[in-house]
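Asker: Sequence:
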Amino acid sequence: MDLVYYNDDMPSATTSDCSCTQYRGNSIQKQEVTSPKWTKVLLINLSVALVFALGGLCVLGIMYVSVTVQLSTLNCETNFHGKLYFFSSDYLNWSSSRAFCVSKGADLVTITSQSEHDFLASEIKEQHWIGLNDLKTEGHWVWVNNQTLNESGVQSWHKRASGQSEPDNWRGTDPSGENCAVERYSEGHVDWFDVSCKLQKKFICEKKY
479 MDLVYYNDDM PSATTSDCSC TQYRGNSIQK QEVTSPKWTK VLLINLSVAL VFALGGLCVL
539 GIMYVSVTVQ LSTLNCETNF HGKLYFFSSD YLNWSSSRAF CVSKGADLVT ITSQSEHDFL
599 ASEIKEQHWI GLNDLKTEGH WVWVNNQTLN ESGVQSWHKR ASGQSEPDNW RGTDPSGENC
659 AVERYSEGHV DWFDVSCKLQ KKFICEKKY
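Going by our numbering, the sequence shown opens with residue 479, and the numbers climb by one from there.
Please keep in mind that the hints were generated in silico from the structure rather than gathered at the bench.
Predicted, not measured: the structure shown is a model, and the values here were computed from it.
Worth double-checking, as some hints may not be accurate.
[Claimed, not checked] The calculated DSS-like cross-link candidates involving lysine-lysine, where the alpha carbons are at most 27 Å apart (straight line), are:
| id | residue 1 | residue 2 |
| --- | --- | --- |
| 1 | Lys582 | Lys518 |
| 2 | Lys515 | Lys582 |
| 3 | Lys680 | Lys603 |
| 4 | Lys676 | Lys614 |
| 5 | Lys686 | Lys582 |
| 6 | Lys603 | Lys518 |
| 7 | Lys582 | Lys676 |
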């Protein structure tokens with residue numbers, strides 16, 4: 479708040495940016511005006527805070543654009559028997575992967591033949607999400623189009639030499655178990671594995687053309 483002095487006998491002098499002159503009788507006193515200084519300090523602090531806030535928003539914006547650009551530049555030229563496939567270069571969990579596919583007018587891949595499985599296996603070198611899951615009922619695996627494995631006509635679960643085969647619903651890293659499937663290279667060929675849906679993986683989208 480500005481410090482203002484009143485004198486009934488004599489009018490006060492005009493104020494400057496940094497001080498004001500106050501007449502009291504025959505004496506002259508100079509009083510520093512604190513309010514403008516505090517206002518300047520406050521404005522400086524607000525400006526600094528605004529700069530940091532804008533800087534943070536810019537960083538987030540750059541990160542968002544970068545991820546969006548990467549996700550939008552998928553390999554969309556791969557096709558097989560009337561289907562167009564998208565092999566992601568980014569890593570997302572299963573739900574986010576599916577949401578991205580849907581946003582592009584597609585869905586996570588549904589594999590309906592051994593030849594299609596073999597074709598996809600020849601195209602990947604890392605684990606990729608596919609549209610197979612048992613999220614609704616444990617042990618009842620269905621595709622994103624609600625087809626069961628029997629209806630789709632193909633199964634390619636990994637079989638270990640030890641006899642323990644997939645899916646095994648291992649809960650070592652996720653108490654909720656392993657409810658989503660990936661195509662994964664192991665022991666010389668690509669098979670299906672059940673893994674935690676929360677893991678970050680590449681993914682395969684498909685749509686008909």
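Asker: Report the numbers of all earlier hints that the structure fails to satisfy, in ascending order.
Answerer: 1, 2, 6
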